[in-house]
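In order, the protein sequences belong to chains U and P.
First residue of the first sequence? That's 1 in the UniProt record's numbering, and the numbers climb one at a time after it.
First residue of the second sequence? That's 1 in the UniProt record's numbering, and the numbers climb one at a time after it.
Do not rely on the hints blindly, as some may be mistaken.
[Claimed, not checked] So, partial list: chain P residues that the calculated Cβ filter (under 8 Å) puts toward chain U:
hint, residue
1, Asp14
2, Tyr17
3, Ile66
[As the list claims (entries may be wrong)] Example chain P residues on the side facing chain U (calculated, C-beta under 7 Å, incomplete):
hint, residue
4, Ala64
5, Ala79
6, Leu92
7, Ala95
8, Phe183
9, Lys206
Simulated from the structure, these hints should not be mistaken for laboratory data.
Yeah, the Cβ is synthetic: ideal placement off N, Cα and C, and Gly gets one too.
Protein chains: 2
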Amino acid sequence: MSSPSPVKVIGASDSPYSHRAEAALRLKGVPYELLLEDLGNKSDLLLKHNPVHNKVPVLLHGEAAICESLVIVEYVDEAFPGGPPILPGGPLARAAARFWARFIDDKCSKPFWLALWLEGEAREGFEKEFKENMALLEAELGGKKFFGGDTVGLVDIAACVFAHWLGVFEEAAGVRLVADDEFPRLRRWAADYAADEKVGACLPDKQQLLKNFTAKKAMFVASAKAMLPK
Amino acid sequence: MSSPSPVKVIGASDSPYSHRAEAALRLKGVPYELLLEDLGNKSDLLLKHNPVHNKVPVLLHGEAAICESLVIVEYVDEAFPGGPPILPGGPLARAAARFWARFIDDKCSKPFWLALWLEGEAREGFEKEFKENMALLEAELGGKKFFGGDTVGLVDIAACVFAHWLGVFEEAAGVRLVADDEFPRLRRWAADYAADEKVGACLPDKQQLLKNFTAKKAMFVASAKAMLPK
């Protein structure tokens, strides 16, 4: 029997998108090597394997390179069928998981970012949009422990930024988007996600994140302004 | 044996997103009823079954509703395993198909729309971006008949707007984004897609599209201006 192809993640320690790739591998019990990228000076390895987006994470599996974090999570689920499933079993439940995972990327990420880093009236509009979308996630979570049920799955991994990064970003930005008594189910879910022995083990240290994000504040503000519609 | 659950598509005849849902069902040989939506006066049925996005298409399968066109295509592939596969078989090929399908929605649609309907310098930037991304699709297609090989698959369905709608939009907008001698592989692919007996049969009539889009030109221009970054 030949040895299995080595698995590597080209990632960045601060990135919730990188975390998605690592979380999927850890859920499956797949050993991997993390190749940390300096996003200010991207490596030839990253540019070679993700020439379309030039972004982390990239999963290297033997000779193959897989890009885009949600695509990576589904790939890991299919390429390592031995571990616990990340997507649910039936077509309808799988469609729902894909719907909510895309909802997070398409509808939550941008208003979240702009509500963090903009100021004034523009910021307020995005905060409202962000909180409306968080309310939809709160309703979708309902009384379940995780979005998929009793164990971490695709939507939980997709939503990781709200489990672990949200409060750090709020502190670095000096804004409070979610009050202590808002979204109690998502708050409980965030604690359960961080406490999960598999995915919790690859969450970055919050103090280090805060330090890094505070240092990048001017860059984040500029990135938000560049995204602002007229 | 109980009769199969009825399949319906809440769609709009001009919409390439609606076409994606119909194309998937036709590839699988699944009979369906098309419920045509007036997008200027959305039905209670649409708002009930897609409360998050209020958009077509929605697939109704018995009591279940599935939203978001790419999610619908994957659902159809999984829920009707008897027909020819829409996604390829191996995890790596499936990841590549999902990557390129998302690339079309995330990277091609917006610059395409803005290059059609804006004017001046802003337009030129989006035309350049659109054509760079079309060049990536041209390279990904390579010498294959369809993106997935010899038969229509996920990426072909995702890219349908460039197979059938592109020239009509150009004519309605009064701009030429793609010259006759550009992207010869995509041009040949577009002809093959339209000639496919299954998916070609649910493509809307181009003269009718042109009439409808010409009538909506002012609305399209306004929608493009609203998307323009500062």
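Q. Of the numbered hints stated previously, which ones are contradicted by the structure, given in increasing order?
A. 1, 2, 8 and 9
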